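Engineer: Listed below are the residues making up each chain.
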Amino acid sequence: MVKYLLKRFARSILTLVIIISVVFILLRLMPIEGYFQNYEKLTNEQIQAGIHNMGLDKPVLIQLKDFFIQLLHGDLGTSRIYRANVPITEILASKIPISLQLGGIALVISLIIGLPLGSLMARSKGKFWDKFGTAFIVFVQAVPAAVYFLFIQIFGNEWFGFSMLFSKDNYSTWIMPILSMAIGNTAYYAMWIRRYMVDESNKDYVKLAKAKGVSDNKIMMKHVFRNAFVPMIQYLPTSFLNSIVGSIYVESLYSIPGMGGLLVDVVKRQDNTMVQAIVIVFACVGILGLMLGDLLMTLIDPRISLNKKGGAR
Amino acid sequence: MEKEVALSVKNLNVKFNLRGKILHAIRDISLEVYKGESLAIVGESGSGKSVFTKTFIGLLDKNGWIDSGEILYGDKNLAAFKTEKEWLTIRGKEIAMVLQDPMTSLNPLKTIGAQIGEAIEMHRGLKGAACKAAVLEILQDVGITEPERRYKQYPHEFSGGMRQRVVIAIAVACKPKTLICDEPTTALDVTIQAQILDLLKNLKKKYDLTTIYITHDLGVVANVADRIAVMYAGDIVEYGTSEEVFYDPKHPYTWALLSSLPQLGKKGEDLYSIKGTPPNLFNEIHGDAFAPRNPKALKIDFIERPPLFEVTPTHKVRSWLMDPRAPKVEPPEHIKELRKMGGKATWQ
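Quick mapping for you: the protein sequence lines, in order, are chains A and B. All residue numbers for the first sequence refer to my numbering, where the first residue is 1 and numbers rise by one. All residue numbers for the second sequence refer to my numbering, where the first residue is 1 and numbers rise by one.
It is possible that part of the hints are untrue.
Unchecked claim - Here are the simulated lysine-lysine pairs, DSBU-like style, with alpha carbons at most 30 Å apart: (1) K10(B) x K218(A); (2) K207(A) x K152(B); (3) K131(A) x K207(A); (4) K328(B) x K207(A); (5) K168(A) x K268(A); (6) K110(B) x K10(B); (7) K207(A) x K204(B); (8) K15(B) x K218(A); (9) K15(B) x K125(A).
Source of the hints: derived by calculation from the structure; they are not laboratory data. These figures come from a predicted structure and were not determined experimentally.
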């Protein structure tokens, strides 16, 4: 077990190093403007001095080495344009909690609604609730998000008087963005849990459980739901961590100062160091999510045995 | 000697709805199962033997229903059961079932102990340590060594034969009175088959069970059955004690079935096989369902369903050949030889 974890961890680190290197080297190809706030007004000497100060005149591989050393100290560099000369970690630290809170709540809500909805659909397969749920899922998946985001805005604002502007201290302004973010995931979880539950409930062990006298409700809860949920567990950490990345659209809709708009912003304004830092954060999130997912699976599914090769089959 | 009836089926008809078409899977079957006996229902795939027994515990697929008839169990008519609540008084407690494929009939994510314990907890109300003790006892009963260690293991840590033992343990966990074994050894290799059959025989004695075997393997039947019912196209065409059916079969289908056993063939000759295919149960069947495949069929076989003729009080046959007016059709030679062997031949 420990050996597997170490291996898995080492491999993740290796992947991360490769991604960081590639991103770093690619970004060296960007125009030099990306390192100065008001490039046009600077004299040639000033630019040369700046480049020298930032160490950009050194060979790329040396720069890369320096960057990794920085990273090991927890330093993602300094923003040059977006907020000049502010450490990037500081900028991110102010953005991530907001996105994470909103995203985390949205995820929990979508699980709380999506899983029971999907289970209900699986139980009443082909009947009213199944059709109702399918209609909901198809609607959410087929209609562009912008359309139902608009509905949420209109109804939330008209009927309940929720403010269209997000404010950290006024929790009523949290409702609409969270709802907007949760709705897609709700449909997604409902769809998958329904599908897995229908699959599971056709299996022989369900028949045997029935034959031994377990009631349908208990079979659904203790056998079918549990077994159907296992394949979904793998994706939960990724879903959760992805909320750090934030929702670009929802955040811009409600002017939320989160991560969502940040990448677009810094790419537009060509802040090279920021782009680099954010891409690294995204990569970390993805890799960590996959790793945690695998880890959870090994804890939950007894068939995945890490102690001995091959298991006992 | 009058035997006590455990379960009595009267004129049972089961139908299925398959994409709007009606399939008549069980056609007017009447049969009695006696207490403490071991009955084998034989027949080819699709003859309805599984469906027939599934009606006893209400496990028909959703698109199937009992069209008419009665299944009397004690003072209850199982055919009239509608709600799950009624069935829960029967399933596991009174009638239990062993499924065919042990590889898939256990929940892969629960320990063996939990799966057996679930049934015990429900039907016998035992909890915690008492429940565990009962599980360990049953594991021992079905011949699983080191029950303490096995208790905590998952199905994937068991071999096929061991899993079938666990499935059997689940079935007998609540001390049912009747045990239905739906092809209990089909998915296992031959050496394991014998072990499982032995185990079932021992458990039958120990728990005083009435057992119903469903199988297409006549070797299994010879091994375990007191009585045999032969099914063809959703109907029981012949039933009687093992000796009667094996050594003095009367129905042409039973002849054909026995003839296709390799043991009865002669060296150098091709193995016998029944020509044609079973009838399509979507269509209504007139007369004897086996007639189209029977080269010696009588004219009446195509017109009217034969009644049940009594050969002996225990041996009944649904064939016009038994009618006194019928011409004398001799069974094939090797079937007649069986008669001479009478009980001395071994069916393994």
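Engineer: So, for every hint listed, does it hold in this structure?
Structural biologist: A quick look at each hint next to the structure:
no., hint, result
1, K10(B) x K218(A), "violated, 33 Å"
2, K207(A) x K152(B), "holds, 23 Å"
3, K131(A) x K207(A), "holds, 25 Å"
4, K328(B) x K207(A), "violated, 48 Å"
5, K168(A) x K268(A), "holds, 26 Å"
6, K110(B) x K10(B), "violated, 40 Å"
7, K207(A) x K204(B), "holds, 23 Å"
8, K15(B) x K218(A), "holds, 29 Å"
9, K15(B) x K125(A), "holds, 22 Å"
In the structure shown, a violation is registered for the earlier hints numbered 1, 4 and 6, in ascending order.
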